[in-house]
Each structure stands twice: as C-alpha cells, then as structure tokens.
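S.K.: Read top to bottom, the protein sequences are chains A and B.
For this note's numbering, add 32 to where a residue sits in the first sequence, where the first one is 1.
For this note's numbering, add 89 to where a residue sits in the second sequence, where the first one is 1.
Examples of chain A residues toward chain B, derived with CB under 10 Å:
(1) 49
(2) 82
(3) 91
(4) 93
(5) 95
(6) 96
(7) 201
To be clear, the hints were calculated from the coordinates, so they are not data collected in a lab.
Cβ atoms here follow ideal geometry from the backbone N, Cα and C, with glycine treated the same way.
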Amino acid sequence: MPRDLKNSRIVIVGASLAGLRAAETLREEGFAGELTMVGEERQLPYDRPPLSKQVLLGRVRAEDTGLPRRCEVDARWKLGTRATGVDPIDKRVVLADGDELPFDRLLIATGTRARPWPNAQEARLDGVFTLRTCEDAARLAERLNAGPRRVLVIGAGFTGSEIASACRERVST
Amino acid sequence: MKIVVDLNRCQGYAQCAFLAPNVFEMHGEEALLYTPLAPEHERERVRRAAAACPVQAILVEERAAPDAP
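Build the full structure now, drawing on both the sequences and the hints.
M.R.: What follows is the structure in structure tokens.
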C-alpha cells in the first residue's frame, strides 16, 4: 500500500457485507489512517440471506444475524445516518444530519435495495411488507407468527420463492 | 459467537451438519440452515465444522469486536 494512502482518510459509505469486508481488507493490508463507516441502517453489519430463511421460519431472530469480523476494523461508525451526497471538489461526503465527512478516498458500497410498492400510500397499509433489511424481516416474521390465513407474495424470484416456502413450512411443521 | 456461511460457496457437503448438528442443519437435499449467533459452548464443534468444510465457506468470529459501538 502506498505511503500516502496508508495514513490517509478513507470513508466507506455502506455498512453491510461489502463495506465491512473492504474495511477489514484495508486494515489487513496495513492501512493505518482514519476510517469512517457510514450506514443508513442502525444495525452493525449483518448477513442478509438468513432474513428470508431461518428468520422467517422463526428459528433465528432477525437481530441475531450480525456478521462475524475477520479482524478489528478500528473505524468510526456513523450508523443510522444516510449519506445524501458527495462533494468531489472539496472531497467531502454529505450526511442527512448535515454533518460532512472529509476524505482522501471514498468507497461507495451501498448495495441494492428492494423495489417498494409503487404507490407509497398503499405501501404503508397494514400488512404490506418489503423484505430487504433486518427490520423488515423482524416485522414480517412477527406477522407470520400470528398465522395469517392468506399470504400474497409479489415478486416470484428467488427471495419471493423463499418467502413462499417459509410460509408453507411453518404450517407443515 | 457469530458465524456466517458463504452460501454462494457452500455446495452442501454437510460436513458441518455432522460435526456441529446444533448449529448447522441440512434443509432438504442441499440447502443449509445455520444459527448465525451460536452459543459459546458450541465453539469447539463449530471450529471443527469450519475447518472440515471442503470449500471453506464458514467464517467464525474469534471474539467480539471491541470497536463495536
């Protein structure tokens, strides 16, 4: 790692799997500078695949999916804070709370997001969920615990199919 | 103790399910279900399971991260 990078300031936007592994790799490679992790969600990095499997089956709590660390990342964590913009001239990340983070290098590891129901008002109706975050999974699992009589899954891809089979399995076991 | 399995790498060899059956369980023919936050007394078995995985898909946290807020 070049010396100017080694003691610089790095900001990672996105505090999930990719952001965490990047932070660990930086430290493993000898990065000794200031590292800041920005995440919109309040949780420390967690693993998403169990959210549509173990969590919906009621075997694991959504909040118990935290990712193991490969090493200490010695970072400053700005969780529950959305990054809203970047000033490439002054090299600053702008946060929703008005704070600004100066950086020498910036890594954007914000991943993807669920495509919510297009009508926001309808999407807020009771019993309508998307499944992407740990909080989403906790809410959905809680509702499935109540043993709903009918479940409609929109999105028949991998995640949708997993949700459907979790619903069926809960009934049969 | 935190555990994660890289399910893209996992090929369902099921060695972990034999070595630490309280933490890893085969679900049907080839899907793996595991407990991401396993009790501490399972540590030795989990460590063996991670070591025995033919594709090295299991990562076990050695200890809690001290910089966690």
